[in-house]
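*Asks:* Spelled out, the chains give:
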Amino acid sequence: MNIITDLKDKLSGQFPVDSFKFDYSFDNNVIWLPKDNVVPVLKHFKDNGQFDFLMCISGVDYPEREDRFEVCYELFSSKSIRRVRIKTSLKEGEKVPTAQFVWKAADWFEREVYDMFGIEFEGHPNMRRILVHQEFEGHPLRKDYPADRQQHCSTALPVHFDNPRDGSKYVEESGKDLVPLNIGPSHPATHGTLRVMVELDGEKVHRANVELGYLHRCFEKMAETHPYNQVIPYTDRLNYCSAPMNNIGYCKAVEKMLGVEIPPRAQALRIILAEMSRIIDHIVCLGASAVDLGALTGFFHLFTYREKVYSLFEKLCGARLTVSLTRIGGMAQDAPEGWFDDVLQFCKEMTVGINEIDGLLTGNKIWIQRTRGVGSISAEEAIEWGYTGPCLRAAGVNLDLRKADPYYGYDQLDFDVPIGTSGDVYDRYLVRVAEMRESVKIIEQVCKNVPGGDYTIRDKGIVLPEKKDVYGNIEGLMNHFMLVINGLRPPKGEVYDATEAANGELGFHLVSDNSGNPYRLKVRPPCFAIYQSFSEQVTGGLVADVIAILGSMNLIAGELDR
Amino acid sequence: MSEIAQPAASRSAIPSDREMVEQTRSFAFTTQIDKIVAWGRKNSLWPMPYGTACCGIEMMSVMGPKYDLARFGAEVVRFSPRQADLLIVAGTITEKMAPVITRIYEQMLEPKYVLSMGACASSGGFYRAYHVLQGVDKVIPVDVYVPGCPPTPEAVLDGVMVIQKMIEDNNPRPWRDNWEPGVYRKGLGGRK
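Quick note, the sequences are listed as chains A and B, same order. Residue numbering for the first sequence follows the working numbering, beginning at 891 and increasing consecutively. Residue numbering for the second sequence follows the working numbering, beginning at -19 and increasing consecutively.
There may be inaccurate statements among the hints.
Stated by the list, open to error - Straight-line alpha carbon distances no greater than 30 angstroms define the calculated DSS-like cross-link-like pairs of lysine-lysine that follow:
| hint | chain 1 | residue 1 | chain 2 | residue 2 |
| --- | --- | --- | --- | --- |
| 1 | A | K1331 | B | K145 |
| 2 | A | K1238 | B | K15 |
| 3 | A | K925 | A | K994 |
| 4 | A | K1293 | A | K977 |
| 5 | A | K1331 | A | K1033 |
| 6 | A | K1382 | A | K1205 |
| 7 | B | K15 | B | K145 |
| 8 | A | K1205 | B | K15 |
| 9 | A | K981 | A | K925 |
| 10 | A | K1293 | A | K1338 |
| 11 | A | K1198 | B | K46 |
| 12 | A | K1293 | A | K1146 |
These aren't lab readings, by the way, just hints derived from the structure by calculation.
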């Protein structure tokens, strides 16, 4: 939606808009401004209620330019469903004022930009590395850092709270008899590689801190060194609990840039894949967080259903977990005969499964006592931190991109968006269970009425020809050859596009320089923003609640650390 | 176990050797101490699941109801390395994680076995990147590599069976005995 003139009018009274640059490209509104204006403009937008979310901050490096770096702020309005990107450029060594005091959500995103590019944010209270290890030298996402230059880490960081810049040691608060406790990164309740450090006063958490990056496997650098279609397998491994959703989000962003629309059959296939992924993602979240709170049955029981989805994926493409089934322009292949009937059969079974898990936990006294009132968060606070997805909806905000900004014909489908009230762990659980029911509803509707036609577009500059054409006729062979050698080349420019993934808004900020590889691909992982609030949420609570809250946030290390 | 039990006291005559062997068949058998210990070890592996990434999710399936690692006597999952004898490294090990997993491995008691699950743990996989350790065998010795990205649960079960066979046969493990940590554990700086 082009709102750029509207924004210009609103800003013109208070800011020197002559020095600003307003742009509208690829359906994105962009405002360029000098770095000193960034924070006042952000504050203006927030205070006037024009934009309530700060979704993402990303950096881009152009070593050949005099103003080498760009910093981009993605703003989003949940009321009018509008987006704007604020951009500023700066020289090596220049600092940008921090936006942390406008939006709390800016905290980690700014730290990440610092870590990756070495851009400092003036006034940020904790400007230290966030993803790469503490002995790392240089900033890996700069274009002059080779993708495969590894630096070894010889020590693990000790427990720390005040975050000294070298991250070196634990400073005890004097006069208080507090016990530091380290949880993770190898701990059954930390779901992979999270590390939580708490300081206990009896059972109460006095201070808390988290350390991440234990699974930082350089997704963004890998994306810059691979052709567009080869990035798809990497996206699988972002949120590996619901891999197809990442494929879809990435492909949708590239397709937006190419200006193509995928055929209806591909859209239907993508919806079915996405909703099945949402179900299995919620299964992992519910199952694992129930295990952490002592309810082992739920985990084993729910995994039976997860296996059923895996079997369906396997039938569809041969892979269980990391399917990589989408291609830019559609799908890699069509569904085999009878697959949609199998999916419908699964929907029936899944409904039974949801009812069973509902009966097992929803009214369970122990479960309620462990979760109700734990980790409550208000709607305003959740928005402030950049919450999206089930955690935001549990806090009572009705925001689901499938409804708000529909894609792939979600607006034609009949489903509800479940909303909670208090945002506590119990509400998050309820929202997830209800969402699984809605997903089943969506899959049933789509499967009963799958559109015919092709499963991909046939643009020879975007999609590889079918194998029978490659081997059967010269034109197919040539097209294949040209596309492999030249690669897919989207026009120059940048785009931010988001989908509603299982955890919330999964955004891709893609910069293209008209070459075969993405120039920059920034992922906005939903749980990164949610996890930021963790230290604040657990402080003052009981140490046992730390585990409950951690489980309910559904942190997937793959997308958190990328 | 290798001693032959006393014949029953009520017998008056001393039985012949042949008779004695026949009698003991019902309550004793002969073996070697190594073999019986290996048999016990093999069928009661206590895994320490070190799931860091996608493979960790697939490992949950291995433990889960369909594939059920319990059939191989390895269902007692221990998150404390001191109680485990099989380290399943499931997922990418980053440079930041390397000191942690080294320490976990060192805390495990002998005899210990390491199964590297998936391409990332075995070689870095398709992450030839600045923050990814190019194989967990750079910091700890590995007994069995299971290929795949992620491997199917069947492949992991096969890997566990290979380790069981290794234990049963008391195979020498030269890759472990002659293993050298190289620069990684000595805490030297980055590779040039």
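*Asks:* Look at each hint and say if it fits the structure.
*Replies:* Going down the list of hints, with the structure as the test:
1. K1331(A) to K145(B): Not OK: K1331(A) and K145(B) at ~48 angstroms, beyond 30 angstroms, violated.
2. K1238(A) to K15(B): violated, 51 angstroms
3. K925(A) to K994(A): holds, 19 angstroms
4. K1293(A) to K977(A): holds, 28 angstroms
5. K1331(A) to K1033(A): Not satisfied, since the Cα-Cα distance of roughly 46 angstroms exceeds 30 angstroms.
6. K1382(A) to K1205(A): Answer violated: K1382(A) to K1205(A) is near 38 angstroms, above 30 angstroms.
7. K15(B) to K145(B): Within the cut-off at roughly 12 angstroms; holds.
8. K1205(A) to K15(B): Not satisfied, since the Cα-Cα distance of roughly 44 angstroms exceeds 30 angstroms.
9. K981(A) to K925(A): holds, 11 angstroms
10. K1293(A) to K1338(A): holds, 21 angstroms
11. K1198(A) to K46(B): holds, 10 angstroms
12. K1293(A) to K1146(A): holds, 19 angstroms
The structure shown violates the earlier hints numbered 1, 2, 5, 6 and 8.
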